[in-house]
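There are 2 protein chains.
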Amino acid sequence: MSLDAVRESLIRQEDTIVFSLIERAKFPMNSPTYQQSKPCVGFCGSLIRFFVSETESLQAKAGRYQNPEEHAFFPDHLPPSLAPPHTFPPVLHPAAASINVNNKIWDIYFKQLLPLFTVPGDDGNYASTASSDLNCLQAISRRIHYGNFVAEVKFRDAPHEYEPAIRAQDRDALMKLLTFEAVEEMVKKRVEKKAMIFGQEVSLDTTNSTESKGKCKIDPLLVSRLYDEWIMPLTKFVQVEYLLRRLD
Amino acid sequence: MSLDAVRESLIRQEDTIVFSLIERAKFPMNSPTYQQSKPCVGFCGSLIRFFVSETESLQAKAGRYQNPEEHAFFPDHLPPSLAPPHTFPPVLHPAAASINVNNKIWDIYFKQLLPLFTVPGDDGNYASTASSDLNCLQAISRRIHYGNFVAEVKFRDAPHEYEPAIRAQDRDALMKLLTFEAVEEMVKKRVEKKAMIFGQEVSLDTTNSTESKGKCKIDPLLVSRLYDEWIMPLTKFVQVEYLLRRLD
Numbered sequence: 001m002s003l004d005a006v007r008e009s010l011i012r013q014e015d016t017i018v019f020s021l022i023e024r025a026k027f028p029m030n031s032p033t034y035q036q037s038k039p040c041v042g043f044c045g046s047l048i049r050f051f052v053s054e055t056e057s058l059q060a061k062a063g064r065y066q067n068p069e070e071h072a073f074f075p076d077h078l079p080p081s082l083a084p085p086h087t088f089p090p091v092l093h094p095a096a097a098s099i100n101v102n103n104k105i106w107d108i109y110f111k112q113l114l115p116l117f118t119v120p121g122d123d124g125n126y127a128s129t130a131s132s133d134l135n136c137l138q139a140i141s142r143r144i145h146y147g148n149f150v151a152e153v154k155f156r157d158a159p160h161e162y163e164p165a166i167r168a169q170d171r172d173a174l175m176k177l178l179t180f181e182a183v184e185e186m187v188k189k190r191v192e193k194k195a196m197i198f199g200q201e202v203s204l205d206t207t208n209s210t211e212s213k214g215k216c217k218i219d220p221l222l223v224s225r226l227y228d229e230w231i232m233p234l235t236k237f238v239q240v241e242y243l244l245r246r247l248d
Numbered sequence: 001m002s003l004d005a006v007r008e009s010l011i012r013q014e015d016t017i018v019f020s021l022i023e024r025a026k027f028p029m030n031s032p033t034y035q036q037s038k039p040c041v042g043f044c045g046s047l048i049r050f051f052v053s054e055t056e057s058l059q060a061k062a063g064r065y066q067n068p069e070e071h072a073f074f075p076d077h078l079p080p081s082l083a084p085p086h087t088f089p090p091v092l093h094p095a096a097a098s099i100n101v102n103n104k105i106w107d108i109y110f111k112q113l114l115p116l117f118t119v120p121g122d123d124g125n126y127a128s129t130a131s132s133d134l135n136c137l138q139a140i141s142r143r144i145h146y147g148n149f150v151a152e153v154k155f156r157d158a159p160h161e162y163e164p165a166i167r168a169q170d171r172d173a174l175m176k177l178l179t180f181e182a183v184e185e186m187v188k189k190r191v192e193k194k195a196m197i198f199g200q201e202v203s204l205d206t207t208n209s210t211e212s213k214g215k216c217k218i219d220p221l222l223v224s225r226l227y228d229e230w231i232m233p234l235t236k237f238v239q240v241e242y243l244l245r246r247l248d
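Chain order of the listed sequences is A and B.
In terms of the UniProt record's numbering, the first sequence has 37 at position 37, counting the first letter as 1, and numbering is strictly consecutive.
In terms of the UniProt record's numbering, the second sequence has 185 at position 185, counting the first letter as 1, and numbering is strictly consecutive.
For the record, the hints were derived by calculation from the structure and aren't laboratory data.
Note that this is a predicted model, so its numbers are computed, not measured.
Hints may contain errors.
What the hints assert, rightly or not - Chain A stretches covered by chain B per the calculated footprint, using a threshold of three residues with CB under 8 Å from any CB of chain B:
1) 40-46
2) 113-120
3) 128-138
4) 188-195
5) 221-233
Note that beta-carbon positions come from the ideal geometry of N, C-alpha and C, so glycine has one too.
Isolated chain A, as found in the complex (with noise of 0.2 Å):
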């Protein structure tokens, strides 16, 4: 576990991430996946949250939570795996095990996020767009939690540097240490950027090519503040919160 080989990982999520945006805005808003059902019919509350906590348990049996860079958003009585066992390197402290996030996760994606990169409309298929918003929650939610690995990175480079702080408890100097203004734009710009590549009309006609540029499945500028607004400042948040128990 090296700084080289988190940052690869970042990276390469953004590309995930992207991606599941793309497929989430293939569909229509489609609000009926969202409103609470009544009466209760087989499930209580919305198709959303039967359909994601129905899913995670399914996925939990198959062992997915068993690798550390995994929250659930439902992770209260999650039953246990049946998958092959496999053992995770213990890279973290154990503390990163009570950082969940995801509530904030869950309704900034549902109350901010969405109604910006969908258009209004109902197209019936209520479960492959549950089964696409799952795709971005979960891509979303590893990419901030992973702040548990950038941090275990970071404070293992240089620990002098970040133990008065932890020991004073202090988040303010802790989220200063954390913040690089210089390497936040360039991620803004990179997710940007590859946002206007994977959203593009790829076509064989090359002349039209400036034309098809115009079309994109979704703003990439939409994305750079996705970054800005909430996953860099979420991740930095879970950064702070494993540090200050780092060394319990």
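Model the placement of chain B on the given structure of chain A, informed by the hints.
Relative to the frame of chain A, chain B by itself:
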């Protein structure tokens, strides 16, 4: 439902297929996902079978198979939909409901395709691997069974061309009517280009863009071959099966 709308959907589905293959290629082969578990541990058979059949069962409850574009890999004993009702416009002849080539797709995907585009190895992410496999399978299956819509639109466009071959139940004649080699060549080239564009390492550094152009997350020629050897022939098979029953 026009020929243009069908074409647009087919082109958009190419992106989904390429994205899903790139996402699966993130993981190594992870063969424990596919091995028979002995003894039965909460499920019998392979993890992938358990995972796909259980996910399909959940997605059926969420209404996935209400849409005639969707076909399950384990269609027997699927539970009824609990999702908000939605009426999909009745476009297809009822015979379409009995056409399901997912057994073939399953065999091709796991026996032929998967070993070609994953690297050997085991990183323990069996649940994420199975989930990525299911995304690939669903995207490929939707594309192939979209042959029903393609055939319906072609038939409506020129029923007099197809009726003699349908009445004679002449598969070869139908296959000839449905085959346009120039179009197939164009599709192969376009999906190859998509794999190249969507699978590239995107960097802000424009000076070494030629260097990074060599790297691609998935072999573009493999995607072209997937279309050439499997997707397009199976789509035409579905079209022929559909047309043979179109006048019933």
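Do the hints match the structure? See the list:
1. Remark: the stretch 40-46 of chain A is confirmed as covered by chain B, as 3 of its residues place a Cβ nearer than 8 Å to a Cβ of that chain, reaching the required three.
2. Only when three residues or more bring their CB closer than 8 Å to a CB of chain B does the claim for the stretch 113-120 of chain A stand; here the count is 0, and the claim is violated.
3. Figure legend: the stretch 128-138 of chain A, annotated as covered by chain B; annotation consistent (4 residues with Cβ-Cβ distances under 8 Å, at least 3 required).
4. Proximity of the stretch 188-195 of chain A to chain B, defined as three or more residues with a beta carbon under 8 Å from a beta carbon of that chain, is established by the 4 residues found.
5. Counting residues of the stretch 221-233 of chain A whose beta carbon lies closer than 8 Å to any beta carbon of chain B gives 0, which falls short of the minimum of three for the stated coverage.
Violated hints, in rising order: 2, 5; the structure is consistent with all others.
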